[in-house]
Amino acid sequence: MTTVSSGASSPHLHQATSVALVMRRVLVALVPTLIAMFYCYGPGALMQWLWAILVAHAVEALMLRWRGLPLQPHLSDGSAAVTATLFALAMPPWAPWWLTVLGLVFALALVKHAYGGLGHNLFNPAMGGYVFLLLCFPVAMKAWAPIDAGHAAPGWIESLVRLAGGASSMADGYSGATVLEYTRTQLRAMKMLSEITAQPVYGMLGDRNAQWVNVAALLGGLWLLWTGVIRWQIPVAALAALFLTAAAFHLADGDRYASPLLHLFSGATMPGAFFIATDPITAPGTPRGRLVFGAAVGLLIYLIRTFGNYPDGVAFAVLIMNGAAPLIERHTQPRILGAPA
Amino acid sequence: MTLPRHAWRGGVRVPRHKNLSNTEPSRAPPLPARLIYPLRSHIGTAARPVVGPGDRVLKGQCLAEPDSYVSQALHAATSGTVRDILDYPVAPGDVMTASIVIEVDGEDRGIDPWPSLPADADGDAIQRRLTEAGVIGMGGAGFPSHVKVREGLTRTVRTLIINGVECEPYITCDDRLMREHAAEIVAGARWLKRAVNAGECFIAVEEDMPEALAALQAHPAEGVTIGTVPAIYPAGGEKQLIKLLTGREVPSKGLPIQAGVLMHNVATARAVYAAVVEGRPLTSRYVTVTGGMTRPGNWRALIGTPVSHLLQEGGWRGGDQRVIMGGPMMGMALCSLEVPVTKVTNCLLVQEAAPAFLAAMPCIRCGECLRVCPVQLNARALYEYSKAGDLDAAQDLNLFDCIECGACAYVCPSHIPLVGYFRAAKAAIAAAERRQRAAAENRGRYERHQRRQAADQAGSATASPLPAAAGEDREALRAEIAAAVERVRARRAASEPPDGERGGPA
Amino acid sequence: MLPWLLLAILGLAAGLAVTRPARGGRDDAALAEKTERIDALLPQTQCGLCGYHGCRPYAEAVARGEAAIDRCPPGGAATVAALADLLGVEPLPAPVSPPARVAVIDERLCIGCTLCLDACPVDAIVGAPRLMHTVIAALCTGCGLCLPPCPVDCIQLRPVPAARGAG
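For the record, the sequence lines run as chains A, B and C.
Here the numbering used here is used: the first residue of the first sequence is 1, the next is one more, and so on.
Here the numbering used here is used: the first residue of the second sequence is 1001, the next is one more, and so on.
Here the numbering used here is used: the first residue of the third sequence is 2001, the next is one more, and so on.
Excised from the complex, chain A in its bound form (with noise of 0.2 Å):
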């Protein structure tokens, strides 16, 4: 293995960013997203993210401790906070602690440092931990928000019970469904969309509240394109070939399929679209590359959630297409200044 360090060799000069910079634009990105979730769902979205925080932390020190690396500059390169961000937003809000802690050992543990730490993970650690605890735990996992209006999200006191696992998650009305699921279920017992959609859990352009977190995260993900830490092709060609995939089917039989609006803003399509599809670790590297991932995750999204058995596909999308990331670039090198044509 050859090692060559940092100064030895041209160029001199370095553009004024690091890991860390880009790091913390993600998260600053990710801000709007938090607030909306603070908003929707009340208290329990932003103790689940505090507590997140802290447990990533706990164990990527942990196991950069047991691998040998120094804590400086790895723990502040931003990447566990990135990871447990991710992962607390695609948490339900009242999950008991212990669910965020299982989550995000086998994310960071197993998903990113087994690979051998950042940069050589082949998964999106946050959507590993989610998918997880989505297989292992599948009730406690749709702790959502209640279907019916008249609940008011649960305030400090209450959602701090429930994070120390005080309340069974499951035993009250907070054991709702987000509107992909209930849109679902309501269609496979043979309802028309139009009735379905009249219910109050429905907002102005998907979900009622997940609306609101899509539109905060797509505002997120404008800022990352305008800063450059993110590029185009990925969120453009998923959210296209979502929305694609969804108006077709919806003009075929507007009774049976969702809209495409429905589609995009509704679940995780947004912050999946810009904030985790886009993980430059998981995803191919080459322009064209990038088109063929960020078109194969939206339209697996679509086929999930319309064909699948699990209300949201966008966790599962983007792990299949982690692992065909590494053959879409071998097979989208770009064409080099003389080549032969």
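Rather than coming from a laboratory, the hints here were simulated on the basis of the structure.
Idealized CB from N, CA, C, for every residue including glycine.
Please note that a few of the clues may not be correct.
[Claimed, not checked] If you want the footprint, here are the derived chain C segments under chain B, 3+ residues with CB under 8 Å:
| id | segment |
| --- | --- |
| 1 | 2002 to 2015 |
| 2 | 2092 to 2100 |
| 3 | 2108 to 2117 |
| 4 | 2121 to 2128 |
[Unchecked claim] Residues from chain A that keep clear of chain B, each with C-beta distances beyond 10 Å, as calculated:
| id | residue |
| --- | --- |
| 5 | Leu21 |
| 6 | Cys40 |
| 7 | His57 |
| 8 | Val139 |
| 9 | Val161 |
Given chain A, work out where chains B and C should sit, using these hints.
Using the frame of chain A, we list chains B and C on its own:
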């Protein structure tokens, strides 16, 4: 008239730092105490000296002649005495190189210039004059100009490009040269155009060099188009500028002439004018001396001047700052400051503050290196293969098309010295090829050796080039060897009596 | 029943295809070609450190499957890796490469016996009877085979100067 602009991908905008050195007119430094002329430059074969130690030389006198087709002549830049021809450290890397060292006498007496070529001189005459005057590419690669002209004489040149696109930060020597000698550059361009019978001629400068552009445009010439290109690094790279201006691509591992293009630097164009019209060989050039010093600017430096001389004139008081020869993107940090300015030295940069080199973090595969690569190489994958030593895979991804411009490492958020890895991989491949060639040669000699020995044993004396082994009587030979061994033993015993280890043969 | 039978036949065929030795493995022409390709990967120092008299005999032994691929010290890890790649076997730990050396003849002592000329496998020594011999450093592989025959011990192996190879 403006220059055509074709699509070109990659590149990065870098802070320019140009007005640190380009606001003042160029200055001539006082004569240095000695001048050093390395016989070998990094392209082609070494020059053959035609002077010896003790010879008096005059300004413009030839010191060394080209030893082959791809080689350059060297001329004294001022009068003095040849002190010696010896190994001297030369940049980059302080490689000890046979060099002519001249003790300057300070009188600056010169020989008469050659007569200028007639206005109707043909390409062959121009080519001979450029060979004689030691004109080589002054943009950095140092390719002998007469070789390029020869290429243009034998093949069709659709476009001649005079490259004033000084895209590296800090460097302003071409900028100042264009402002101060625009007429000569345009005239030199016309001579080159005529020499190779080029269809069109472009002189390109960067968008943010308005003064240089105005100076050039003050000398309009028939068939010469002067214009600007975007100030994106590295738009001045040979293949990049050709793509930008003509839309044609130089084939991978190929030469510009294969795209119907010849390219010369603006300083080379001026040197062509000086050689052809003024009859003067190439003995000085503009050098930007900039960075952390009191008087940054451009110097009309004699070729062979020690770097330390220019740094002192620039007001650098020394210290632990790094001195870089060339620009900050592609230049090399100097170890010794006694290395001479050569015909390709465009800049000496004293880095103002020791750069805070952060430890490289793991690659987060962000793909920015791919985005800025002016050759569209997958720098990220190349880095992984180079680091892992998978050199075949790196070559499959076109490692050798990397121009080492440094754009990838410049934008890398993980601060990985990508160019260093690519250079190391290229060197490892070259070493492996050398080993492979050596093995093939060894094998050839071994097989001949075997055949010869077989022939000897078969008693065929005619096949043996070694009559001693086969032709003479072996007994006599053995006796002769024994006698010789005795003599050696006696001599050894006399000269080194205590040496018991290395006595006689067992 | 038929699908099972088909599957069994397919499996058998695949198994045979995988386990069958390389095509023409016992064939003389194939062996010669294999030897040739192995020989091309060896450094051709002819030093005999592998225990065979030169690179070619070692290549033949490897081709016949009689010698392991880790016997060539001058080739080091690169040669082991290349051989493992060519033969489709697992790479073995590489032998320690001797430092690059070059033979030097002490001109004061050389008696011009020509014995080393015969010993040098790659003709890197020039000389004539009763005249001083000298080693062409650029051609010398540092194998040391010229040392034993010298009656006056005037040949030494010296480390290769670091700068060599840069030019």
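Hint check against the structure, violated hint numbers in rising order: 1, 2 and 5
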